[in-house]
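Student: These protein sequence lines map, in sequence, to chains A and B. Just so you know, we're using the numbering used here here: the first sequence kicks off at 1 and counts up by one. Just so you know, we're using the numbering used here here: the second sequence kicks off at 1001 and counts up by one.
Source of the hints: derived by calculation from the structure; they are not laboratory data. Wrong hints could be hidden among the right ones.
Output of the computed footprint for chain A on chain B, the stretches with three or more beta carbons under 8 angstroms from beta carbons of chain A [unchecked claim]:
{"hint": "1", "segment": "1205-1212"}
{"hint": "2", "segment": "1218-1224"}
Label pairs and their in silico Cβ distance ranges [unchecked claim]:
{"hint": "3", "chain 1": "B", "residue 1": "Thr-1154", "chain 2": "A", "residue 2": "Ala-138", "range": "33 to 43 angstroms"}
{"hint": "4", "chain 1": "B", "residue 1": "Val-1059", "chain 2": "A", "residue 2": "Arg-17", "range": "53 to 63 angstroms"}
{"hint": "5", "chain 1": "B", "residue 1": "Gly-1039", "chain 2": "A", "residue 2": "Asp-171", "range": "42 to 52 angstroms"}
{"hint": "6", "chain 1": "B", "residue 1": "Arg-1143", "chain 2": "A", "residue 2": "Glu-118", "range": "47 to 57 angstroms"}
{"hint": "7", "chain 1": "A", "residue 1": "Ala-65", "chain 2": "B", "residue 2": "Arg-1143", "range": "31 to 41 angstroms"}
{"hint": "8", "chain 1": "A", "residue 1": "Ser-7", "chain 2": "B", "residue 2": "Leu-1292", "range": "50 to 60 angstroms"}
{"hint": "9", "chain 1": "B", "residue 1": "Gly-1280", "chain 2": "A", "residue 2": "Gly-114", "range": "49 to 59 angstroms"}
{"hint": "10", "chain 1": "B", "residue 1": "Ser-1138", "chain 2": "A", "residue 2": "Ala-138", "range": "24 to 34 angstroms"}
{"hint": "11", "chain 1": "A", "residue 1": "His-117", "chain 2": "B", "residue 2": "Met-1142", "range": "37 to 47 angstroms"}
{"hint": "12", "chain 1": "B", "residue 1": "Gly-1064", "chain 2": "A", "residue 2": "Asp-171", "range": "52 to 62 angstroms"}
{"hint": "13", "chain 1": "B", "residue 1": "Val-1059", "chain 2": "A", "residue 2": "Gly-168", "range": "48 to 58 angstroms"}
{"hint": "14", "chain 1": "A", "residue 1": "Ser-7", "chain 2": "B", "residue 2": "Arg-1143", "range": "36 to 46 angstroms"}
{"hint": "15", "chain 1": "A", "residue 1": "Leu-173", "chain 2": "B", "residue 2": "Gly-1280", "range": "50 to 60 angstroms"}
Far from chain B, some chain A residues (derived; all Cβ distances over 10 angstroms) [claimed, not checked]:
{"hint": "16", "residue": "Arg-17"}
{"hint": "17", "residue": "Asp-208"}
{"hint": "18", "residue": "Asn-215"}
Since the model is a prediction, treat every value here as computed from it, not as a measurement. All residues carry an ideal CB built from backbone N, CA and C; glycine is no exception.
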Amino acid sequence: MHKPYLSLSLVGKTFSRGAATTEVLRDVSLDVAQGEYVSIIGHSGCGKSTLLNIIAGLTEVSSGAVLLENREVTEPGPDRAVVFQNHSLLPWLTVYDNVKLAVDKLFRGTKSAGERHEWTMFSLELVHMGHAKDKRPAEISGGMKQRVGIARALAMEPKVLLLDEPFGALDALTRAHLQDQVMAIHARLGNTVIMITHDVDEAVLLSDRIVMMTNGPAATIGEILPVPLARPRQRVQLASDGAYLSCRAAVLRFLYERNRFVEAA
Amino acid sequence: MRTATSLAERPGMQADTGPAVAAAPATIVAFPSARPPIGAKLKSLLGFVAERLLPPAIVLLAVGVIWQLVCSEPGASLPPPSQILNDSWELIANPFYDRGGLDMGLFWHILASLKRVAIGYAFAAVVGVALGTLVGQSRLAMRGLDPLFQVLRTVPPLAWLPLSLAAFRDGQPSAVFVIFITSVWPIIINTAVGIRNIPQDYRNVARVLRLNPLEHFTRIMIPAASPYIFSGLRIGIGLSWLAIVAAEMLIGGVGIGFFIWDAWNSSLIGDIIVALVYVGIVGFCLDRLVALAAHVITHGTTSS
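Chain A extracted, bound-state conformation (with noise of 0.2 angstroms):
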């Protein structure tokens, strides 16, 4: 068997303020192969954001280590392109200079500035956003600014990308719809994908291995399932396939019978 891509082993992150110290994470370990879709799963407050904080070098281990091919990750870096939640697109950039300035940084002493250019507008139109590329980020709606935050991601060409709930601040149907265009996108380019989420569908629908968190504090991980769906996969006929209702009912379960969501006090 070879070496995982990825790898996370016995990691725990402790946050303290003055006297005071919080246990997030406790023994977190988790193997990630190359072009695997792993999504994280969990109730809010169980340090999943903080578990990908982690795997992108911007919060440090208390302990245990995070490997990307078995080089220990000790700061951030444009091998683990991040998709913040509220996208953070620059406003005072147009949509094509918020992707041009990862170009430029990350190529510039390998690719000429015709190249880049080329790649700019390659990695707009994967998210088909082309069309946008003079306007500012407040001139767009939520949906297209988190399409460009994917945009500049995949223009870094990373190991692993990095989603923290890319699409939690979008309606539905928005949401569908970018859903759709990130399962396109890793069907084509074959990316590692780790994504934060905390909506079963999407979880089931992208996935290749669901990892469900247990509450914090000390939180961990307390399941992974394998979703053994066909892909290409199309959401209207999943609705009614037995396997996807099943690991849908499953991570259900988990969320609510085992772990239920506790208020805290």
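Given the coordinates of chain A, work out where chain B should sit on it, guided by the hints.
Tutor: Coordinates of chain B only, in the frame set by chain A:
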């Protein structure tokens, strides 16, 4: 434009039909671009005059009439507008004359003052943004410098003048220094607030891209903080124009401040009032200039 974006938001498979979709709204746009009749144009021009120009003109006229009535009595201490027009007509009509020495038109005095302001303010802008960035970025620098800034910024501009005269032993650099020290504080403080308020998201973007410190400063920090920086710059230009008149009164030489002082010594009250109008208009123009620069540079994200 609204139509174009919402139509183009369709699923990916239809992206190939993009140009066709985009062409549709173009015909709609064509309608309003038809030239409006001359009558309507004239009407909107008249509307603008009635709405924006008429009210201040009426107020100005009313103030002038009241002033004229109040100051026309014999023994009034200030001259009425008619007398100012009469006495200082050369000053109003010809701002560009130069008879050597200090006997020159208001334009030259204003220009001399503007030069001092330009130098002092330019220094203040550079130093203010640099120090503000330092204080906004580093908690240690803030703890060390902020109390000092908070105390020094309350020192009135003219209080610096004797000290700077002692240090520079010359009027010209002292005046420039007073401008600098007056306008630097709001620039520092606003820049620091702007830098501190940069959303963590933008910093994360910079970290993921591994921007180096210089790139981080020019590509992320300065644009993200620019609305704050520009409001500091606007306050700064206003303060420096306030300070220059007072400083020049004491320093002498060519400059609008000394001109006013000189007119007072010669009992030319009319000249003083004309100079005040000039000072006000130039100050207003300076403020609008910085606001315009802010609008252009931040692409309209700052309100002016």
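Student: A cut-off of 10 angstroms on Cβ-Cβ distance, and A/Arg-17 was said to be off the interface with chain B. Does that hold?
Tutor: 15 angstroms, holds
Student: Within 53 to 63 angstroms: is that where the Cβ-Cβ distance between B/Val-1059 and A/Arg-17 falls?
Tutor: 58 angstroms, holds
Student: Are B/Ser-1138 and A/Ala-138 spaced within 24 to 34 angstroms by their CB atoms?
Tutor: Given a distance of about 31 angstroms, which is inside 24 to 34 angstroms, the answer is holds.
Student: Given the hint of 31 to 41 angstroms, check if A/Ala-65 and B/Arg-1143 actually sit that far apart at their C-beta atoms.
Tutor: About 35 angstroms separates the Cβ atoms of A/Ala-65 and B/Arg-1143, which means 31 to 41 angstroms holds.
Student: Counting residues of the segment 1205-1212 of chain B whose CB is closer than 8 angstroms to a CB in chain A, do you get three or more?
Tutor: holds (count 6)
Student: How does the Cβ-Cβ distance of B/Val-1059 and A/Gly-168 compare with 48 to 58 angstroms: does it lie in that range?
Tutor: Taking Cβ atoms as reference, B/Val-1059 and A/Gly-168 lie about 54 angstroms apart, which means the hint holds.
Student: Does the segment 1218-1224 of chain B contain three or more residues whose Cβ lies closer than 8 angstroms to a Cβ of chain A?
Tutor: holds (count 4)
Student: Does the hinted range 33 to 43 angstroms hold for B/Thr-1154 and A/Ala-138 at CB?
Tutor: Between B/Thr-1154 and A/Ala-138, where Cβ atoms are some 38 angstroms apart, the hint holds.
Student: A range of 50 to 60 angstroms was offered for this pair. Does it hold for the Cβ distance of A/Ser-7 and B/Leu-1292?
Tutor: 56 angstroms, holds
Student: With respect to the beta-carbon atoms only, verify the hint that B/Gly-1039 and A/Asp-171 lie 42 to 52 angstroms apart.
Tutor: 46 angstroms, holds
Student: Evaluate the condition: distance from the CB of A/Asn-215 to the nearest CB of chain B exceeds 10 angstroms.
Tutor: Given that every Cβ of chain B is farther than 10 angstroms from that of A/Asn-215, nearest at about 25 angstroms, it holds.
Student: Hint says 50 to 60 angstroms; check whether the CB-CB distance for A/Leu-173 and B/Gly-1280 agrees.
Tutor: 57 angstroms, holds
When the structure is compared with the earlier hints, no violation turns up for any of them.
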